[in-house]
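Visitor: Sequence:
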Amino acid sequence: MPELPEVEYVRRQLRRAMTGARIDQVVLRRANLRVPFSTDFAERLEGRTVRNVRRRAKYLLVELSSDDVLVMHLGMSGWFNIQRPPGGSPVDPLDKHDHVIFEMSNGRTVVFNDPRRFGFMKIIDGEDLARDPVFAALGPEPLARAFTAQVLATALAGRKTSLKVALLDQGRVAGLGNIYACEALHVARLSPKRRASTLVTRAGEPRAEAVALTRAIRLVLKDAIANRHRAAGDDRFRVYDHEGERCPRRGCAGTITRIVQAGRSTYFCPKCQR
DNA sequence: CGTACACCCTGGCCGC
DNA sequence: TGCGGCCAGGGTGTAC
107 MPELPEVEYV
117 RRQLRRAMTG
127 ARIDQVVLRR
137 ANLRVPFSTD
147 FAERLEGRTV
157 RNVRRRAKYL
167 LVELSSDDVL
177 VMHLGMSGWF
187 NIQRPPGGSP
197 VDPLDKHDHV
207 IFEMSNGRTV
217 VFNDPRRFGF
227 MKIIDGEDLA
237 RDPVFAALGP
247 EPLARAFTAQ
257 VLATALAGRK
267 TSLKVALLDQ
277 GRVAGLGNIY
287 ACEALHVARL
297 SPKRRASTLV
307 TRAGEPRAEA
317 VALTRAIRLV
327 LKDAIANRHR
337 AAGDDRFRVY
347 DHEGERCPRR
357 GCAGTITRIV
367 QAGRSTYFCP
377 KCQR
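Numbering of the first sequence is given in my numbering, commencing with residue 107 and proceeding in unit increments.
These are calculated hints, taken from the structure and not from any lab test.
Watch out, some of these pointers could steer you wrong.
Unchecked claim - The list that follows gives simulated cross-link-like pairs (lysine-lysine, BS3-like), each with its CA atoms no further than 25 Å apart:
(1) K299 x K377
(2) K299 x K202
(3) K202 x K228
Stated by the list, open to error - Beta-carbon label-pair distances, calculated as ranges:
(4) V141 x T361: 19 to 29 Å
(5) K377 x A137: 46 to 56 Å
(6) T254 x F224: 25 to 35 Å
(7) G360 x K202: 37 to 47 Å
These figures come from a predicted structure and were not determined experimentally.
Each residue gets a CB set at the ideal place from its N, CA and C atoms; glycine is no exception.
Could you put the whole structure together from the sequences, leaning on the hints where they help?
Guide: What follows is the structure in structure tokens.
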């Protein structure tokens, strides 16, 4: 279920488990995820020390002492299970979707599990990261200070597509997915069906609505990161997956509606989101 | 160029 | 209880 907040949560876990430690062994339990592992995958990792674990959009970047970077994406169903066997509880038995295992020199075992296998891992030279077409095409990080209403306005200017679809475009804003795009639009009281360019003046300035949306995006993402510890099954969403329920906004008697945009479900309140 | 759509893969849920 | 159909939070490649 990974969008930016979940990937950020995973990043923090990996940073704690891996930073400063050496990768002693890499076990690949199958030849591919969404794409095949390179033939030198394990070899390029084993013996290297992890300097840091960073995130760009929904990508995890493990920086290695060799100046290589292990780039990982969780896809739709990827997750990491971190264990520390020495002296503690025994290692959990492997699941059939445990595809990659990293044995760390600090005793941690980092296991990548991904039932749908839409995730991927690849290693690239750190020097090439910025030039990589995937990373070069990414839009601004919504949690960075540099993400202002003006930046959002520039991203939306001239776009005839709907606001919701524009927000899902990683080249416009990096890291928003289907859930948090819906959530942010509800907080900002904006209809997902609005033409994206209507949040921008002719001169390319952000309208008040773009300011509200900028704040809303930041709010829902930060809130999701802060509340990631809440038990699974807890309902953390205002509108996502709430079709037919009453709008949670105080004083709004609207009903959450589901529509399909660009092949994906959008949930919103037609009454208060304009 | 922008957009629309199929596709990659497995599992969970719903209705019959 | 079994089974088919549908749905799922991501990204890419192709066709128009």
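Visitor: Each of the hints needs a verdict: does it hold here or not?
Guide: Tested hints:
1. Straight-line distance between C-alpha atoms of K299 and K377 comes to about 13 Å, which keeps the hinted pair within the 25 Å bound.
2. Straight-line distance between C-alpha atoms of K299 and K202 comes to about 41 Å, which puts the hinted pair past the 25 Å bound.
3. Taking the CA atoms of K202 and K228, the gap is near 22 Å; set against the 25 Å cutoff, the hint holds.
4. Taking 19 to 29 Å as the suggested C-beta distance range, the pair V141 and T361 does not conform, at roughly 42 Å.
5. In this structure the hint that K377 and A137 lie 46 to 56 Å apart at CB holds, the actual value being about 52 Å.
6. Checked against the given bound of 25 to 35 Å, the beta carbons of T254 and F224, roughly 32 Å apart, stay inside it.
7. In this structure the hint that G360 and K202 lie 37 to 47 Å apart at CB holds, the actual value being about 44 Å.
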